[in-house]
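Colleague: Each chain, letter by letter, is given below.
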Amino acid sequence: MEPISEVSGRAIPFGRKNVDTDVIIPAHWLKTISREGLGEGAFETVKKEQDSVFTDPEFAGAPILIAGDNFGCGSSREHAAWALLDMGITCVIAPSFSDIFASNAFKNGILTVALPQDAVDRLMEVAQTDPIDIDLQSQCVTTRFQDRFEFDIDPFRKHCLLNGLDEVGLTLEQGDTIKAHERRMETDLPFLAKAVGTAG
Amino acid sequence: MTKSARTLYEKIWDAHIVDQRDDGTCLIYIDRHLVHEVTSPQAFEALRLSGRTVRRPDLTLAVPDHNLPTTARTDANGAELPIADKQSAQQLAALRTNAPSFGIRYIDATDREQGIVHVVGPEQGFSLPGATIVCGDSHTACHGGIGALAFGIGTTELEHVLATQTLLLKQSKTMEVRVDGELAPGVTPKDLILHIIGVIGTAGGTGHVIEYRGKVFEDMSIEGRLTVCNMSIEGGARAGLVAPDEKTFAYLKGRPYAPRGADWDKAVAWWKSLATDPGATFDKSVVIDAADVQPTVTWGTSPEDVAPIGSAIPAPESYADPSKQQAVKVSLDYMGLEPGTRLKDIAVEHIFIGSCTNSRIEDIRAAAAVLKGRKKADSVKWAIVVPGSGLVKEQAEAEGLDKIITEAGLEWREPGCSACLAMNPDKVPAGERCASTSNRNFTGRQGPGSRTHLVSPAMAAAAAVTGKLTDVRELTG
Ligand code: SF4
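In order, the protein sequences belong to chains A and B. Quick note: the first sequence, position 128, residue 128 per this note's numbering, numbers continuous. Quick note: the second sequence, position 309, residue 309 per this note's numbering, numbers continuous.
Check before you lean on any hint, since a few could be wrong.
In silico DSS-like pairs for lysine-lysine, Cα to Cα no more than 30 Å straight-line [as the list claims (entries may be wrong)]:
id : chain 1 : residue 1 : chain 2 : residue 2
1  : B       : K403      : A       : K158
2  : B       : K344      : B       : K375
3  : B       : K381      : B       : K468
4  : A       : K194      : B       : K253
5  : A       : K107      : B       : K170
6  : A       : K194      : B       : K247
7  : B       : K324      : B       : K372
8  : B       : K403      : B       : K381
9  : B       : K324      : B       : K375
10 : B       : K3        : A       : K179
11 : B       : K170      : B       : K3
12 : A       : K48       : B       : K86
13 : A       : K17       : A       : K194
14 : B       : K427      : A       : K31
15 : B       : K3        : A       : K194
16 : A       : K47       : B       : K468
17 : B       : K173      : B       : K272
18 : B       : K86       : B       : K427
19 : B       : K3        : B       : K324
20 : B       : K324      : B       : K468
21 : A       : K179      : B       : K170
22 : B       : K403      : B       : K375
23 : A       : K194      : B       : K266
24 : B       : K86       : A       : K31
25 : A       : K179      : A       : K107
26 : A       : K107      : B       : K173
27 : B       : K272      : A       : K194
28 : A       : K179      : B       : K344
29 : B       : K170      : B       : K284
30 : B       : K468      : B       : K372
31 : A       : K179      : B       : K173
32 : A       : K31       : A       : K48
33 : A       : K179      : B       : K272
34 : B       : K170      : A       : K194
35 : B       : K170      : B       : K86
Here are the simulated distance ranges between beta carbons [claimed, not checked]:
id : chain 1 : residue 1 : chain 2 : residue 2 : range
36 : A       : K158      : B       : D265      : 48 to 54 Å
37 : A       : H159      : B       : Q20       : 16 to 22 Å
38 : B       : T406      : A       : Q174      : 53 to 59 Å
39 : B       : R260      : A       : R183      : 46 to 52 Å
None of these hints come from the bench; they were simulated from the model. Keep in mind the model is a prediction, meaning the values are calculated, not measured. Beta carbons are placed, not taken as given, at the ideal position from N, Cα and C, and that holds for glycine.
Using the sequences and the hints, build the whole thing.
Modeller: Next comes the structure, spelled out in structure tokens:
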């Protein structure tokens, strides 16, 4: 996972409330074997709407998405996070997020920033014309117009994001403890510690 | 600190704690990991993208099953036949390259050991009592039949296991389902587990690991125990267990991956020590009398919608809970059934004998025993028998069961998940009805609009003969 310390750039001013994971990535994209390439299916239905911000060349490749309340509700599909990453988004700003989406986003190295509605409204305005800066270390979102909004983040998640640690990475840090367990198993339960077989 | 009197589940759990966090979450070591083609591609991809490796490829076994058509896999010259569905072909091809590239043992679609993961694991002696076993499929609970702590996991967890051979888990509560007495003739382990789910409900085991205890399970064959544990998930539990005993040891001894020599003796000694201690307590306990269990079928779209074959479809109003009343209405509407209809009057057009619940040799024998000398009803359009693995298939053919089955007018297929889920070509058409030995009767599970009645293999065979849901005891006397 890529470490994140700051995200700077244009932000897609989507602003819609209750965006569910089926809007982020429709179900027919789920039979894939890859996490990559899902960006193409991201917001597929929204892209078909007139004047969609997702087809506006102004926001092509923007690393930030601004949405309304309860972003990422609906099914628990991790594909939603994969789709955002694949379209190049590493930070989503919204007044609130569904828990499962926030957790999936975190697991995949996407920063979710929850800010009060009026702050989000102001950022929506700025995003129309100018970039936005998010600094994870100091936990604040700034603009070139002297806006400054601080946000909360779980210290554990912050640590992981700053260091690019996913859950797998964290457990891998416990390699010695796992090794010690394997040694114990080899002595105490050798028949479980190995699978010597002939098939396959 | 470990408790002094512990249950089977607690003993297995304790033996696998690698580390414990302050909030009680444990890092649990995983002894065996079974991999199939559907849930693994993104996990392998993630490893590749992050430059990680599989920690214990030697404890991991991959086999394709879900997507495979159950028709011939090779032509007359032994050349492999292509798979028509592009996405299925892509998933199967991904497993075929991913497994060897990460050093994982792989059983190919064309190997004689190929089969449904949950049939292959115990059959190969890869699944062992007291082991922690995971697979990206919720019916992993199946392996509890030999006394393994086995449960299904999602794609992110799969990646975690591949990379670290561990999982972060919270300990489950314990639940005892005790069945004493004896099952009546014609009543099988499948009928019993359907009955149990009817009693506890689909949420009955939520948050718990079930241990099946009592004389009925002691008397039951290993294959029967696998059938029972398989459907623990339909009762809401994450896993189900039966304590390993002499039967378990006899079943496993000499299987390809089973321990040998001094390891075997050490294993048996430890397995014997795993039984729940006298005085150990369960968080929840359910007692069922074996005498109450009849051949059982489902009539709705939830696995708890069960009834003895001699009864009739219940009226929604017979349920106290208004939300269940509503669910029953919706379910009967989907199933095209009226309250009060006798189950024995329900005609079925399709028969599926297979799935990880009921595709082992005893299941095929039970079906063949009913089919012997009989013919499929003309009204039954499609009836297939799908062995759980290539080895089950060989065994059945050695016993001449395939002849009995085909002479009765049923098809004898290649191993795989088949009509258990609508992912390969074996599907039930919309609005049509299937007597199925699989484990889920959810809306659309066997194909969009399909209507499923879960039954035992003997009951499915009886339905094939009469063209209706049938009490098998009326045929076999
Ligand atoms: S037979 Fe059905 S339940 Fe069993 S592994 Fe295959 S799809 Fe899953």
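Colleague: None of the hints should be skipped; say for each whether it holds.
Modeller: A quick look at each hint next to the structure:
no.: 1; hint: B:K403 x A:K158; verdict: violated (65 Å)
no.: 2; hint: B:K344 x B:K375; verdict: holds (19 Å)
no.: 3; hint: B:K381 x B:K468; verdict: holds (12 Å)
no.: 4; hint: A:K194 x B:K253; verdict: holds (16 Å)
no.: 5; hint: A:K107 x B:K170; verdict: holds (19 Å)
no.: 6; hint: A:K194 x B:K247; verdict: holds (23 Å)
no.: 7; hint: B:K324 x B:K372; verdict: violated (41 Å)
no.: 8; hint: B:K403 x B:K381; verdict: holds (19 Å)
no.: 9; hint: B:K324 x B:K375; verdict: violated (39 Å)
no.: 10; hint: B:K3 x A:K179; verdict: holds (26 Å)
no.: 11; hint: B:K170 x B:K3; verdict: holds (17 Å)
no.: 12; hint: A:K48 x B:K86; verdict: holds (27 Å)
no.: 13; hint: A:K17 x A:K194; verdict: violated (52 Å)
no.: 14; hint: B:K427 x A:K31; verdict: holds (18 Å)
no.: 15; hint: B:K3 x A:K194; verdict: holds (28 Å)
no.: 16; hint: A:K47 x B:K468; verdict: violated (50 Å)
no.: 17; hint: B:K173 x B:K272; verdict: holds (23 Å)
no.: 18; hint: B:K86 x B:K427; verdict: holds (17 Å)
no.: 19; hint: B:K3 x B:K324; verdict: violated (40 Å)
no.: 20; hint: B:K324 x B:K468; verdict: holds (27 Å)
no.: 21; hint: A:K179 x B:K170; verdict: holds (21 Å)
no.: 22; hint: B:K403 x B:K375; verdict: holds (12 Å)
no.: 23; hint: A:K194 x B:K266; verdict: holds (14 Å)
no.: 24; hint: B:K86 x A:K31; verdict: holds (11 Å)
no.: 25; hint: A:K179 x A:K107; verdict: holds (25 Å)
no.: 26; hint: A:K107 x B:K173; verdict: holds (27 Å)
no.: 27; hint: B:K272 x A:K194; verdict: holds (20 Å)
no.: 28; hint: A:K179 x B:K344; verdict: violated (58 Å)
no.: 29; hint: B:K170 x B:K284; verdict: holds (18 Å)
no.: 30; hint: B:K468 x B:K372; verdict: holds (18 Å)
no.: 31; hint: A:K179 x B:K173; verdict: holds (28 Å)
no.: 32; hint: A:K31 x A:K48; verdict: holds (22 Å)
no.: 33; hint: A:K179 x B:K272; verdict: holds (27 Å)
no.: 34; hint: B:K170 x A:K194; verdict: holds (25 Å)
no.: 35; hint: B:K170 x B:K86; verdict: violated (39 Å)
no.: 36; hint: A:K158 x B:D265: 48 to 54 Å; verdict: holds (52 Å)
no.: 37; hint: A:H159 x B:Q20: 16 to 22 Å; verdict: holds (20 Å)
no.: 38; hint: B:T406 x A:Q174: 53 to 59 Å; verdict: holds (55 Å)
no.: 39; hint: B:R260 x A:R183: 46 to 52 Å; verdict: violated (22 Å)
Violation of the numbered hints given earlier is confined to hints 1, 7, 9, 13, 16, 19, 28, 35 and 39; the remaining hints are satisfied by the structure.
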